[in-house]
Amino acid sequence: MAIVTHVVLDVLKPHQPNVLDFASQLADLGENYSVNLVVQEVDDRTHSIILKISGDHLDFDAITQHIEAMGGSVHSIDEVDVKSEPGKQAVA
Amino acid sequence: MFTRLRYLIELSHAYSIARRYFITNGFDGVLTMLGLLMGFRVSGAQSLELMISACLGGAVALFMSGLTSAYISESAEKENELHKLEQSMLTSLEDSTHAEAARLIPCLIALVNGFSPLLLALLILTPLFLAQQQLLAGLPPLDTALAIALLLTFLLGVFLGRVSGRFWLWTGLRALIIAAATSVLILLLHLLLGVK
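Sequence lines, in order, name chains A and B.
Under this note's numbering, think of the first position of the first sequence as 1344, with each following residue one higher.
Under this note's numbering, think of the first position of the second sequence as 224, with each following residue one higher.
Hints listed in this document are in silico derivations from the structure and should not be mistaken for laboratory results.
Any given hint could turn out to be false.
According to the in silico footprint, chain B covers these stretches of chain A (three or more CB under 8 Å from chain B) [said to hold, decoys possible]: (1) 1350 to 1363; (2) 1386 to 1395; (3) 1406 to 1414.
Note that this is a predicted model, so its numbers are computed, not measured.
Every residue, glycine too, gets a C-beta built ideally from N, C-alpha and C.
Working from the sequences, and respecting the hints, build out all of it.
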């Protein structure tokens, strides 16, 4: 199983939690998680945001589940960086 | 659990709503007790049991009214907010913290709205309870209860002043003037109707 080290997500979220809380909660999901959040658009009740999350070993399922728990929804995965697990090779 | 509750309160801005309900219904509770006690005072009622029963009845009615009315109105309001948010998000938020807040926060606000008049009423009635147990040495129970009611009105005004950032003494005195006006009205009504 490859290790995810970086993802860029297009997310729609409610105004609450605010962007600082939203990003902080995602950063708290794992060790050495680094989160960059850019607001693309502000509507009446929602924010369209671009999330860039980096880390040594991202738990992608935990990230999407937590985004949904905070009321957000992932519209698309725009970018990923993955690397192979040390000592493991793909079986042909 | 408390961290979670605090997060839900922040998420739904429930602190300011609960504070508003606390002051509104607390004021209702204090003025109702003040009205009842003034009624007893001007009519010359002597029976402590009668006073306690009447005031407790009023306090329990305020508690039930506060509990149920706040729950009904707040749960409808929160459901409506959640529905509008779901429409904007074009998805169900059933498993989100927003849905959890919409379920829990009305209960919390209902508790604040119910308990604020009940607790303040019980504080006001303390001298009557103490007098009933012969523990209020030398003090007239009815007048002491009236003084506590006026003090609590003043303190509610001070609290309002702190919330609004206005001078606490002025907001406290303003609340006290309302309580004094209520007492004068009851006194005038008693004199006009000549009820004994």
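Going through the hints against the structure:
no. : hint         : verdict
1   : 1350 to 1363 : holds (count 4)
2   : 1386 to 1395 : holds (count 4)
3   : 1406 to 1414 : holds (count 4)
In summary, this structure violates none of the numbered hints.
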